[in-house]
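J.: So the chains spell out like this:
Protein chains: 2
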Amino acid sequence: MNKLIEIASNSNNIAVTSHVDPDGDSIGSILALGLALKQKYKNVEIFTADPLPARYDFLVESKYIKRYEDVKDKAFDLFFALDCGDENRLGKSIDVMKKSKTVVNIDHHISNTQFGDINIVNINSSSTCEMIFSIIKDIGLTIDQEIATCIYTGIVTDSGNFMYDNATDKTHLIAAELIRANIDKQKIMYNLYQKKSIKNLRFLGYCLTNMEIELDGHLAIFEITSTLLDKFDIPSADIEGIVNYGRDIDGVDISVTIREESDSKLKLSFRSKHDDVDVRKLAELFNGGGHKKASGATLNASLDEAKALIIENAKQFIRR
Amino acid sequence: MNKLIEIASNSNNIAVTSHVDPDGDSIGSILALGLALKQKYKNVEIFTADPLPARYDFLVESKYIKRYEDVKDKAFDLFFALDCGDENRLGKSIDVMKKSKTVVNIDHHISNTQFGDINIVNINSSSTCEMIFSIIKDIGLTIDQEIATCIYTGIVTDSGNFMYDNATDKTHLIAAELIRANIDKQKIMYNLYQKKSIKNLRFLGYCLTNMEIELDGHLAIFEITSTLLDKFDIPSADIEGIVNYGRDIDGVDISVTIREESDSKLKLSFRSKHDDVDVRKLAELFNGGGHKKASGATLNASLDEAKALIIENAKQFIRR
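In order, the protein sequences belong to chains A and B. So in my numbering, the last spot in the first sequence is 841, and the numbers never skip. So in my numbering, the last spot in the second sequence is 841, and the numbers never skip.
Incorrect hints may appear among the rest.
Dumping the calculated DMTMM-like pairs for lysine to aspartate or glutamate here, alpha-carbon to alpha-carbon at most 25 Å [unchecked claim]: (1) 658/B / 698/A; (2) 752/B / 769/A; (3) 717/B / 796/A.
Heads up, incomplete: computed chain A residues facing chain B, CB under 7 Å, no partners named [stated by the list, open to error]: (4) 589; (5) 592; (6) 690; (7) 700; (8) 706; (9) 769.
If you're looking for bench data, these hints aren't it; they were derived computationally from the structure. Backbone N, C-alpha and C fix where the C-beta goes; we use that ideal spot for every residue, glycine too.
Could you put together the complete structure from these sequences and hints?
T.: So, in structure tokens, the structure goes:
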């Protein structure tokens with residue numbers, strides 16, 4: 522960490538960013554690290570390629586996160602890429618990375634390609650936020666209440682509220698420290714999980730009623746057309762959790778949502794609950810990636826073609 | 522705790538039990554305390570008034586838990602009542618309690634009536650299991666892997682996976698210790714949350730599609746008739762979680778399930794997500810009880826009468 526402190530101290534400006542389609546861990550980690558760096562260093566820019574989903578508005582400093590367009594003309598001495606398995610996850614922000622002097626890659630994905638000049642990768646961490654907690658302390662900065670709130674948000678969203686096996690004893694010790702940093706846990710939980718729209722739950726009701734079960738009960742499929750999203754009047758960001766309902770069925774090894782994006786591409790999300798059912802490898806067959814138990818890909822195909830392809834390819838991954 | 526050690530040492534036999542309708546915290550706590558006591562004391566009986574739901578079969582020692590009928594003729598020197606707000610929660614096991622020399626009441630309900638000879642009540646504890654963790658250590662017994670598994674089960678089921686505000690920094694520190702005691706966390710999570718039946722999810726789909734919203738969006742109601750349970754072919758124990766889906770809607774202050782029991786009684790479950798919306802008080806209007814944010818009651822009425830009564834009585838508790 523001494524090297525990181527040295528580089529930061531010698532940098533005139535610092536960028537902190539993460540992947541496209543921001544989620545709790547990417548937003549939490551860039552905000553936490555960015556706010557911490559601002560305690561000591563000047564010209565720290567926190568930015569994302571895509572806008573943030575509204576559910577993270579309760580992270581009060583999130584309104585100061587800039588967009589790619591605001592910083593694209595700058596060249597940074599130090600560039601932090603957080604929660605990105607590879608540099609393409611940065612989307613258009615990769616341009617900014619390429620102009621930067623030193624790239625620091627901090628991530629917890631097993632597929633990480635070590636694309637930075639400095640790579641801090643811990644595949645046993647629940648979240649990038651969990652790593653950022655330690656890094657902030659190691660470089661002598663302070664976990665204040667706001668930073669603790671960001672880190673807690675990333676940990677709970679990436680660990681399924683400590684449910685996934687990536688939540689270790691260390692994760693819980695950090696959670697205890699974050700609570701002692703006086704976070705308003707109820708506010709975080711309320712904003713993340715208790716502000717669902719009625720439309721959202723009606724949509725979930727529809728999806729569960731129409732969920733398809735294939736491969737003798739080993740594969741659950743949710744087909745989400747754009748017509749359906751229009752009918753229920755919900756944004757596509759709101760359907761994130763649907764795929765987990767299929768995963769949690771007894772006997773189901775793989776759950777998948779096939780979702781029509783506005784640009785006629787299909788977005789696939791895969792989930793597994795077993796160590797020996799690796800949906801990252803399944804996603805890789807569609808040029809996607811992710812974790813062993815949570816992965817994704819995009820696909821140019823019709824819904825029916827996609828479904829047939831998924832069923833065919835899933836066969837080799839399900840349990841016998 | 523010295524007094525407890527003294528009494529236990531001087532007891533010829535010890536009973537450990539909990540409330541009717543066993544749940545994760547009651548089963549986890551009686552098993553954990555009972556197994557721990559067996560390390561040092563003889564003639565320890567763990568029993569319940571009602572059979573255990575099958576989802577807790579993974580707690581391997583649970584098969585040795587006896588029923589009320591197996592122990593009803595015994596008189597115990599020491600009787601532990603766990604997770605019971607009052608003695609009536611024991612159901613028929615209250616007979617056994619009344620014959621016992623010393624009753625120890627260990628609980629975390631705010632409504633606890635201090636009905637024991639010794640009362641250990643901590644309303645700030647996430648669960649009775651969390652209390653049992655400390656008590657086992659305080660009386661010099663050992664948290665082994667099996668006991669840790671039971672305690673972890675009680676903590677996660679009573680704290681909504683650390684989501685509720687009853688999960689404090691202390692809860693997380695204990696969770697870290699339990700993980701270090703080598704529990705198989707994935708096995709616990711799989712058995713608690715990832716073995717749902719397809720019927721169960723179709724039923725959830727139906728409930729969400731037919732959920733009623735009253736009082737200008739402040740009250741969510743799920744009506745669950747016995748016909749419906751028959752149609753979806755699911756046991757009434759499987760519908761526990763439905764009420765939470767209503768609670769988690771933006772603007773909803775109170776969520777309630779009205780469920781027809783086989784004996785033509787109605788069972789009411791209430792949930793709140795706000796500190797200032799106290800559904801324990803609402804449940805008390807129906808002679809029920811529980812916690813501020815999770816309570817219940819039974820009612821002899823028709824479904825329509827019950828619904829009208831709930832709407833009328835809920836008015837004074839919702840936010841304006």
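J.: Are the hints correct? Go through all of them and say.
T.: Going through the hints against the structure:
Using a Cα cut-off of 25 Å, the hinted pair residue 658/B and residue 698/A holds, with the two alpha carbons roughly 23 Å apart. For a cut-off of 25 Å, the pair hint linking residue 752/B to residue 769/A stands: about 22 Å separates their Cα positions. Simply put, residue 717/B and residue 796/A have alpha-carbon atoms about 19 Å apart, close enough for the 25 Å limit, and the pair holds. A least Cβ separation of about 30 Å between residue 589/A and chain B goes past the 7 Å threshold, and the interface hint is therefore violated.
With 7 Å as the threshold, the beta carbon of residue 592/A stays out of range of chain B, its nearest partner Cβ sitting at about 33 Å, so the hint is violated. Taking 7 Å as the C-beta cut-off, the interface hint given for residue 690/A holds, the closest approach to chain B being about 4 Å. A cut of 7 Å between beta carbons decides the hint on residue 700/A: the least distance to chain B is about 4 Å, and the hint holds. The beta carbon of residue 706/A comes within 6 Å of a beta carbon in chain B, closer than 7 Å, and the hint placing it at the interface holds.
Hint status for residue 769/A relative to chain B: holds, with the closest Cβ pair at about 5 Å, below 7 Å.
Comparing the model with each earlier hint shows violations of hints 4, 5; every other hint is respected.
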